[in-house]
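A.B. asks: Sequence:
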Amino acid sequence: MQANLTPKREDFFFNISGLLMVAIISLVVLLNWQGWAVSGPQIALMAGFAAMLTRQPKIDSPRSRAYLYLGTQMIILVFALSYSSVFIFLFYVLSVQTLMLLPMQIGMRWVLLFTAITGFVTFYDGFQPYADLVTTLINGAGFFFFGAFGNALVQAQRARDESQRILAELTDAHGRLQRYAEQAETLAVAEERNRMSREMHDTLGHRLTVSIVQLEGAGCLLERDTPRAGQMIQTVREQLVEGLADLRATLASLRDSGMSGTSLRKSLQSLVDEYAQATGLVVHLSIPDNLLALDEARRMTIYRAAQEALTNAQRHADASTIWLKIEQTISTVTLFVEDDGAGMPVAEFTPGIGLRGMQERAQQLGGFLVIDASPRGGVRLALTIPLAKEETNG
Numbered sequence: 001m002q003a004n005l006t007p008k009r010e011d012f013f014f015n016i017s018g019l020l021m022v023a024i025i026s027l028v029v030l031l032n033w034q035g036w037a038v039s040g041p042q043i044a045l046m047a048g049f050a051a052m053l054t055r056q057p058k059i060d061s062p063r064s065r066a067y068l069y070l071g072t073q074m075i076i077l078v079f080a081l082s083y084s085s086v087f088i089f090l091f092y093v094l095s096v097q098t099l100m101l102l103p104m105q106i107g108m109r110w111v112l113l114f115t116a117i118t119g120f121v122t123f124y125d126g127f128q129p130y131a132d133l134v135t136t137l138i139n140g141a142g143f144f145f146f147g148a149f150g151n152a153l154v155q156a157q158r159a160r161d162e163s164q165r166i167l168a169e170l171t172d173a174h175g176r177l178q179r180y181a182e183q184a185e186t187l188a189v190a191e192e193r194n195r196m197s198r199e200m201h202d203t204l205g206h207r208l209t210v211s212i213v214q215l216e217g218a219g220c221l222l223e224r225d226t227p228r229a230g231q232m233i234q235t236v237r238e239q240l241v242e243g244l245a246d247l248r249a250t251l252a253s254l255r256d257s258g259m260s261g262t263s264l265r266k267s268l269q270s271l272v273d274e275y276a277q278a279t280g281l282v283v284h285l286s287i288p289d290n291l292l293a294l295d296e297a298r299r300m301t302i303y304r305a306a307q308e309a310l311t312n313a314q315r316h317a318d319a320s321t322i323w324l325k326i327e328q329t330i331s332t333v334t335l336f337v338e339d340d341g342a343g344m345p346v347a348e349f350t351p352g353i354g355l356r357g358m359q360e361r362a363q364q365l366g367g368f369l370v371i372d373a374s375p376r377g378g379v380r381l382a383l384t385i386p387l388a389k390e391e392t393n394g
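In terms of my numbering, the sequence shown opens at residue 1 and continues consecutively.
Please note: incorrect hints may appear among the correct ones.
When the alpha-carbon atoms are kept at most 27 Å apart in a straight line, the in silico DSS-like pairs for lysine-lysine are as follows [said to hold, decoys possible]:
#1 Lys325 to Lys389
#2 Lys325 to Lys266
#3 Lys266 to Lys389
Label pairs and their in silico Cβ distance ranges [unchecked claim]:
#4 Leu170 to Phe145: 30 to 38 Å
#5 Thr262 to Gly377: 29 to 37 Å
#6 Gln269 to Leu170: 54 to 62 Å
#7 Pro375 to Arg179: 49 to 57 Å
#8 Ala184 to Thr329: 48 to 56 Å
#9 Leu68 to Ala131: 29 to 37 Å
#10 Leu170 to Ile106: 29 to 37 Å
#11 Thr262 to Ala342: 32 to 40 Å
Think of the hints as simulated: they come from the structure by calculation, not from any bench.
The beta-carbon is built from N, C-alpha and C at its ideal position, and this holds for glycine as well.
Using the sequences and the hints, build the whole thing.
C.D. replies: What follows is the structure, encoded as structure tokens:
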């Protein structure tokens, strides 16, 4: 890739200024016409200097190209100085371009060389050493000043280019962040939908299952045992009322899990008692006395898993007894649910939405779910989740 060593906009104004300086000096030469033998070579040298001035060195080899260009221009001016000291003014032009093409330290060495050359010519042509010294110092200071100005132009342009580059990168990064935010929002919506699906399945699914069982039993007892059937219908009514409350809670962004301020032991005991009364199944609940106080997320995960396991046992297992047990280690807590039902072909088993939701809950907390055959003849479910740091430390 090739580009100009000097910024294009600065080059344009510099070239115009340099060519104007060449034109003025050429006009001075013509006004002091000394014949073609003297003025002709001077005009030719000015034409060569002007032609070189309009050429922009490329970035193939920046310093070598700049050295070649500046060396050529300097030689042209040295020859021109042999005719007249008026050409010293063109070293101002060359000093500006030198510090536009080269780094400051290297460029200043070239400017120092220009000062030495013009000083030699001044002393060679002059007869007043003090005045010649002052002239040389003024010229040298002018070379350095205009050269520094040219260097400042380049640095300013580079700073603008860098700012534009950074702005472009920031704009691109902002666009990417907006896209990431949109993707995150989409994922959050999908996660919320999955969470609502799990909540509605766990709460309504359990209560509706119990209600169906109660209605079936009430239908069988309606003629033989009307009081018992009425009691079962009342239980169904209570289940449906609670299910409606669960639905309202779920649709209210699931802000209240129903577990706030309630211990896991109390929640599971209430669940088991309600389930046993509604289904007639025997449920054995075992919870260690030294069970740590779990956070709400872990309590809810274990509670929903127990709820889903009991619902599945009623729906599919054809069991008479269910064992629900909590075990705790230094770093984990595990829920075991077993039944003595018909069991299932584990190798061909495909989990439904309830079990998938249970597994997702466990994975969100860094845990896992295992389902296999129970030694009691039915199915065994084991949900293991790690304890939080404050729970293990406590």
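A.B. asks: Taking 29 to 37 Å as the stated bounds, is the beta-carbon spacing between threonine 262 and glycine 377 within them?
C.D. replies: 33 Å, holds
A.B. asks: Taking the CB of threonine 262 and the CB of alanine 342, does the distance hold inside 32 to 40 Å?
C.D. replies: 34 Å, holds
A.B. asks: Taking 27 Å as the top limit, are the C-alpha atoms of lysine 266 and lysine 389 close enough?
C.D. replies: Holds, at about 24 Å.
A.B. asks: Falls inside 54 to 62 Å, the C-beta gap from glutamine 269 to leucine 170?
C.D. replies: 59 Å, holds
A.B. asks: Next pair to validate is lysine 325 with lysine 389; report whether the Cα-Cα distance is within 27 Å.
C.D. replies: Cα-Cα ~23 Å, so holds.
A.B. asks: Has the hinted range 29 to 37 Å been met by the Cβ atoms of leucine 170 and isoleucine 106?
C.D. replies: Cβ of leucine 170 to Cβ of isoleucine 106: about 34 Å, so the range 29 to 37 Å holds.
A.B. asks: Quick one: are alanine 184 and threonine 329 within 48 to 56 Å, going by C-beta?
C.D. replies: The hint (48 to 56 Å, Cβ to Cβ) is violated, given that alanine 184 and threonine 329 are roughly 35 Å apart.
A.B. asks: I want to verify a distance hint. Is the separation of the beta carbons of leucine 170 and phenylalanine 145 within 30 to 38 Å?
C.D. replies: 37 Å Cβ-Cβ, so the 30 to 38 Å window holds.
A.B. asks: Given the hint of 49 to 57 Å, check if proline 375 and arginine 179 actually sit that far apart at their C-beta atoms.
C.D. replies: 53 Å, holds
A.B. asks: Sort out whether lysine 266 lies within 27 Å of lysine 325, counting only the CA atoms.
C.D. replies: Answer holds: lysine 325 to lysine 266 is near 14 Å, not above 27 Å.
A.B. asks: Against the range 29 to 37 Å, how does the distance between the Cβ atoms of leucine 68 and alanine 131 compare: consistent or not?
C.D. replies: Between leucine 68 and alanine 131, where Cβ atoms are some 36 Å apart, the hint holds.
Checked against the numbered hints listed earlier, the structure breaks hint 8 alone; every other hint is satisfied.
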